[in-house]
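Enquirer: If you want the building blocks of each chain, they are given just below.
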Amino acid sequence: GAGVSQTPSNKVTEKGKYVELRCDPISGHTALYWYRQSLGQGPEFLIYFQGTGAADDSGLPNDRFFAVRPEGSVSTLKIQRTERGDSAVYLCASSLRAGGINEQFFGPGTRLTVL
Amino acid sequence: QKEVEQDPGPLSVPEGAIVSLNCTYSNSAFQYFMWYRQYSRKGPELLMYTYSSGNKEDGRFTAQVDKSSKYISLFIRDSQPSDSATYLCAMSRTGTASKLTFGTGTRLQVTL
Numbered sequence: 001g002a003g004v005s006q007t008p009s010n011k012v013t014e015k016g017k018y019v020e021l022r023c024d025p026i027s028g029h030t031a032l033y034w035y036r037q038s039l040g041q042g043p044e045f046l047i048y049f050q051g052t053g054a055a056d057d058s059g060l061p062n063d064r065f066f067a068v069r070p071e072g073s074v075s076t077l078k079i080q081r082t083e084r085g086d087s088a089v090y091l092c093a094s095s096l097r098a099g100g101i102n103e104q105f106f107g108p109g110t111r112l113t114v115l
Numbered sequence: 001q002k003e004v005e006q007d008p009g010p011l012s013v014p015e016g017a018i019v020s021l022n023c024t025y026s027n028s029a030f031q032y033f034m035w036y037r038q039y040s041r042k043g044p045e046l047l048m049y050t051y052s053s054g055n056k057e058d059g060r061f062t063a064q065v066d067k068s069s070k071y072i073s074l075f076i077r078d079s080q081p082s083d084s085a086t087y088l089c090a091m092s093r094t095g096t097a098s099k100l101t102f103g104t105g106t107r108l109q110v111t112l
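Protein chains in written order, with this note's numbering: chain A, 1 to 115; chain H, 1 to 112.
Just so you know, the hints here were simulated from the structure itself, not pulled from any lab data. All values derive from a computational prediction rather than experimental measurement. Every residue, glycine too, gets a C-beta built ideally from N, C-alpha and C. Don't take each hint at face value.
[To be verified] Dumping the calculated DSS-like pairs for lysine-lysine here, alpha-carbon to alpha-carbon at most 30 Å:
hint, chain 1, residue 1, chain 2, residue 2
1, H, Lys67, A, Lys15
2, A, Lys78, A, Lys15
3, A, Lys78, H, Lys70
[Said to hold, decoys possible] Here's a subset of chain A near chain H, in silico, CB distances under 10 Å, partners left out:
hint, residue
4, Ala2
5, Gly16
6, Tyr18
7, Glu20
8, Ser27
9, Gly28
10, Ala31
11, Gln37
12, Gly51
13, Gly53
14, Ser87
15, Leu91
[To be verified] Computed from the model, here is a short list of chain H residues facing chain A with C-beta under 8 Å:
hint, residue
16, Pro44
17, Gly59
18, Arg60
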């Protein structure tokens, strides 16, 4: 079956612009996660959803970052007033349920470049 | 200091060698320990997981957790060129088990 998909695969934007990154989780997965991976680093947790609600948003770096999952499936990560430091690969993952050892399946990521 | 430390490598070994990859961590609350493999320009994929201390074997891969030393290892036997990738350790706490904390990843190159 289809895995986690993310669009766009690459996004180049200018400093100060607004961007939206989309994640389509595996069908039937109730939990969805966003991570950010900078060059040469491991993924860094941003936020996770159980259903439609954000269960833990402790990793969002500041109020320029916001994520939604209005129908409990597709999620959008929104970044306002982008800065050069936001350049990274944004990874989305989904799991059947949250917690325990529910395997998180990762998408290929969206590579964001802020000029 | 980061919660999870991992040598970034690169680590280069000949085909057939035994590979040892390691992570140390500082937070004693971590209970779930995972190893992910990430190929270039791909998302991480789960290789192994263990809960609390102990060993786990799956084919050519063995994961070990020593909670007393806050040290985890992944061993790859009979390494293959297709094992060339970045290996990431990850861990989480009971109660916040959905929030994974990753190491920086170790880049492995298996040469012919």
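Enquirer: Each hint should be assessed against the structure and marked as holding or not.
Expert: Against the structure, the hints:
Annotation: proposed proximity of Lys67 of chain H to Lys15 of chain A is violated, straight-line Cα distance about 44 Å (limit 30 Å). Annotation: proposed proximity of Lys78 of chain A to Lys15 of chain A holds, straight-line Cα distance about 15 Å (limit 30 Å). At roughly 37 Å between alpha-carbon atoms, Lys78 of chain A and Lys70 of chain H are farther apart than 30 Å, so this suggested pair is violated. At its closest, the beta carbon of Ala2 of chain A sits 14 Å from a beta carbon of chain H; the interface hint therefore is violated under the 10 Å criterion.
With its C-beta approaching chain H no nearer than about 27 Å, Gly16 of chain A sits outside the 10 Å limit, and its interface hint is violated. Among the interface hints, the one on Tyr18 of chain A is violated; its C-beta lies about 25 Å from the nearest C-beta in chain H, farther than the 10 Å criterion. A cut of 10 Å between beta carbons decides the hint on Glu20 of chain A: the least distance to chain H is about 19 Å, and the hint is violated. Here the hint on Ser27 of chain A is broken, as its CB sits about 17 Å from the closest CB of chain H, past 10 Å.
Nearest Cβ of chain H to the Cβ of Gly28 of chain A: about 17 Å, over the 10 Å cut. The hint is violated. This hint holds: Ala31 of chain A has a C-beta 6 Å from the nearest C-beta of chain H, less than the 10 Å allowed. At about 8 Å, the closest approach between the beta carbon of Gln37 of chain A and any beta carbon in chain H falls short of 10 Å, and the interface hint on this residue holds. Of the supplied interface hints, the one on Gly51 of chain A is violated, with its beta-carbon coming no nearer than about 13 Å to a beta-carbon of chain H, more than 10 Å.
Among the interface hints, the one on Gly53 of chain A is violated; its C-beta lies about 13 Å from the nearest C-beta in chain H, farther than the 10 Å criterion. For Ser87 of chain A, the shortest C-beta to C-beta distance to chain H is roughly 16 Å, which exceeds 10 Å, and the interface hint is violated. At a threshold of 10 Å, the smallest CB-CB gap from Leu91 of chain A to chain H is about 6 Å, leaving the interface hint in force. Interface hint status for Pro44 of chain H: upheld, as the beta-carbon distance to the closest one in chain A is roughly 5 Å, under 8 Å.
At a threshold of 8 Å, the smallest CB-CB gap from Gly59 of chain H to chain A is about 17 Å, leaving the interface hint violated. Among the interface hints, the one on Arg60 of chain H is violated; its C-beta lies about 20 Å from the nearest C-beta in chain A, farther than the 8 Å criterion.
Hints 1, 3, 4, 5, 6, 7, 8, 9, 12, 13, 14, 17 and 18 from the list above are not met by this structure, while the remaining hints are.
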